[in-house]
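A.B. asks: So the chains spell out like this:
2 protein chains.
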Amino acid sequence: MKPVKVGICGLGTVGGGTFNVLIRNADEIARRAGRSIEVAAIASRRENSACDTSGFTFTNDVMALARDPDIDIVVELIGGYEVARELVMTAIEHGKHVVTANKALIAVHGNEIFAAANEKNVVVAFEAAVAGGIPIIKAIREGLAANKINWLAGIINGTGNFIMTEMREKGRAFNDVLAEAQALGYAEADPTFDVEGIDAAHKLTILASIAYGIPLQFDKSYTEGISKITPEDVQYAEELGYRIKHLGISRHTEQGIELRVHPTLIPKSTLLANVNGVMNAILVSGDAVGQTLYYGPGAGAEPTASAWWLI
Amino acid sequence: MKPVKVGICGLGTVGGGTFNVLIRNADEIARRAGRSIEVAAIASRRENSACDTSGFTFTNDVMALARDPDIDIVVELIGGYEVARELVMTAIEHGKHVVTANKALIAVHGNEIFAAANEKNVVVAFEAAVAGGIPIIKAIREGLAANKINWLAGIINGTGNFIMTEMREKGRAFNDVLAEAQALGYAEADPTFDVEGIDAAHKLTILASIAYGIPLQFDKSYTEGISKITPEDVQYAEELGYRIKHLGISRHTEQGIELRVHPTLIPKSTLLANVNGVMNAILVSGDAVGQTLYYGPGAGAEPTASAWWLI
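One line per chain: the protein sequences are E and W, in this order.
Just so we're aligned, residue 85 is where the first sequence starts under this note's numbering, counting upward by one.
Just so we're aligned, residue 85 is where the second sequence starts under this note's numbering, counting upward by one.
Hints may contain errors.
Identical copies carry no separate label here, and so any pair may be met within one copy or between two of them.
Listed next, the in silico SDA-like pairs over lysine to any residue satisfying Cα-Cα at most 25 Å (straight line) [to be verified]:
#1 Lys304 / Ala188
#2 Lys254 / Asn358
#3 Lys232 / Arg108
#4 Lys352 / Arg252
#5 Lys352 / Tyr326
#6 Lys352 / Gly325
#7 Lys86 / Arg225
#8 Lys232 / Asn132
#9 Lys89 / Arg129
#10 Lys86 / Lys232
#11 Lys204 / Arg116
Don't read these hints as lab results, they were simulated from the structure.
None of the values given here were measured: they were computed from a predicted structure.
All chains, please: the whole structure from these sequences, using the hints.
C.D. replies: Written as structure tokens, this is what we have:
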């Protein structure tokens, strides 16, 4: 069988990790996928020193890659809204399957993108957009397919969880830990998306859409961040036997689907309360299975690369 | 598209749960599977009072069902080795796909069964055979497909975990808790499979086969149970900051694949140490993703039914 030809757009942290995993684990991936997967071209504004791209077609024109008749699958790892949206729509227009790790793009423009993909009969895969390396989209869509999902609740922003963990374990203040997270590269220079819950709301929107079979409705989410939490809040919670976690929660109610992101008190002895540092975890309740939980790294080059190609 | 016609063999706990979930969530399943799934016949020695089978074809001849030209998929939920093996081989011989929750059958006769299925170009699915409702086979085979699996370690016997949890939380003796588990229906009258690690070794054999792409090799597993653990062992572990869990562990080493089931000391603060009661959890380490964990109910009618049909 002919190999599947992949074009990687964006060679930053996730793009570089994806390239490296694809090359390193080519045999393993071919064995499991039943077909070999080949990097046919890379489009990026710059090289990545962690990647040896010699011998590969390299361009800085992502739109040209999206139109390239030799490419079967376009992998969008450039991030942001506008260029990413144009890239994905162009790829679909040219009959290519698309893989993206861009949760903001899917949460905000997903309905339009899926409609176009449906018309062209191509697949848009976005497993890596939610919770990095945890195969949570697949678990909900396929693994729990026999279930009606009642609710789900998760720690789906690693930066926020790192901050909450440090505040609890070391009694530190929010701003102090945020500055460290920025220095370590866990948090962006503008941390709004992470600490005000917007990134978590993007991911929650995507999870709910899959879980309940509904359109993406990012604007319906109640979104509250963690920036007002004080060391005293954390300490009082601890004294009462609880921990404060920044959760994304979605619930199937008679009035419709509830979407909310906010700091939540949860009992110390639960698994979610013990998910620490930058790790993510999602608890899903299905009518047949009961509660299941999926845990793993929610970010990082190789964890995200591990999930990028799942449909 | 024509509905997929399913024949259910065995209407005990899992068979009854499977029947009920298939009927109750028919619309949800059709939406997710892209095709409706219809119970065409049931073969069982007796009725199950939890199931309303009026209007369904009911027989007590499982082999006739396995040969029935109207059936696309045979669901083997009768358990045990010999009749189940004959049933599955007959179904394959007649070109039917097979779904089974029978870990003993797969661990011991799986190589022969898969070879026959391969020759007839049919699928043998066994998601429900390991860790009940947790979609762990799918997670390893598909969700982590980009990874080389380094090792996995799991609590994969709910009865054993219930016993270890009770011993720790209440300081009770092994025999005392076992008697309660038998009264509650968590443990069989002959508890050997559960408490001596044989059931866990069956499941570990299956997980390792999927994780490393190797044949099933149940006879290679080192298998040690929990029946010799005393309340003092549990208490000493606690004092040292550990908990004793009965784990199935598999590791990819330079000398080959290691398979072992035995009581293990693990630090109190880890997630595995906090998996209590009859719940199961499997920690999987992949070279790209790092560590991920999958948690949920490892047994029971509906949890197992939730997973039965996954391929």
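A.B. asks: State whether the alpha carbon distance between Lys89 and Arg129 is at most 25 Å within one copy, between copies, both, or neither.
C.D. replies: Answer is within: at 21 Å inside a copy they meet the 25 Å cutoff, but 53 Å across does not.
A.B. asks: Should Lys204 paired with Arg116 be assigned to within, between, both, or neither, using CA atoms and 25 Å as the limit?
C.D. replies: between (27 Å within a copy, 20 Å between copies)
A.B. asks: Which holds for Lys232 with Arg108 at a C-alpha limit of 25 Å: within a copy, between copies, both or neither?
C.D. replies: The answer is between: 10 Å across copies meets 25 Å, while 39 Å in one copy does not.
A.B. asks: Indicate which option fits the pair Lys232, Asn132 if close means a Cα-Cα distance not exceeding 25 Å: within, between, both or neither.
C.D. replies: For Lys232 and Asn132, the Cα distance is within 25 Å only across copies (24 Å; inside one copy 44 Å).
A.B. asks: Indicate which option fits the pair Lys352, Arg252 if close means a Cα-Cα distance not exceeding 25 Å: within, between, both or neither.
C.D. replies: For Lys352 and Arg252, the Cα distance is within 25 Å both inside one copy (12 Å) and across copies (18 Å).
A.B. asks: If the cutoff is 25 Å on CA atoms, where do Lys254 and Asn358 land: within, between, both or neither? Let me know, please.
C.D. replies: both (15 Å within a copy, 22 Å between copies)
A.B. asks: Are the CA atoms of Lys352 and Tyr326 at most 25 Å apart within a copy, between copies, both, or neither?
C.D. replies: both (5 Å within a copy, 18 Å between copies)
A.B. asks: Given a CA cutoff of 25 Å, do Lys86 and Lys232 count as a within-copy pair, a between-copy pair, both, or neither?
C.D. replies: Result: close only across copies, 23 Å inter versus 39 Å intra.
A.B. asks: Should Lys352 paired with Gly325 be assigned to within, between, both, or neither, using CA atoms and 25 Å as the limit?
C.D. replies: The answer is both: 6 Å in one copy and 17 Å across copies each meet 25 Å.
A.B. asks: Up to 25 Å between alpha-carbons, please classify Lys304 paired with Ala188: within, between, both or neither.
C.D. replies: Intra 15 Å, inter 48 Å, cutoff 25 Å: intra-copy only.
A.B. asks: Within, between, both or neither: how does the pair Lys86, Arg225 come out at a Cα-Cα threshold of 25 Å?
C.D. replies: Result: close only across copies, 22 Å inter versus 28 Å intra.
Violated hints are absent here; each numbered hint is respected by the structure.
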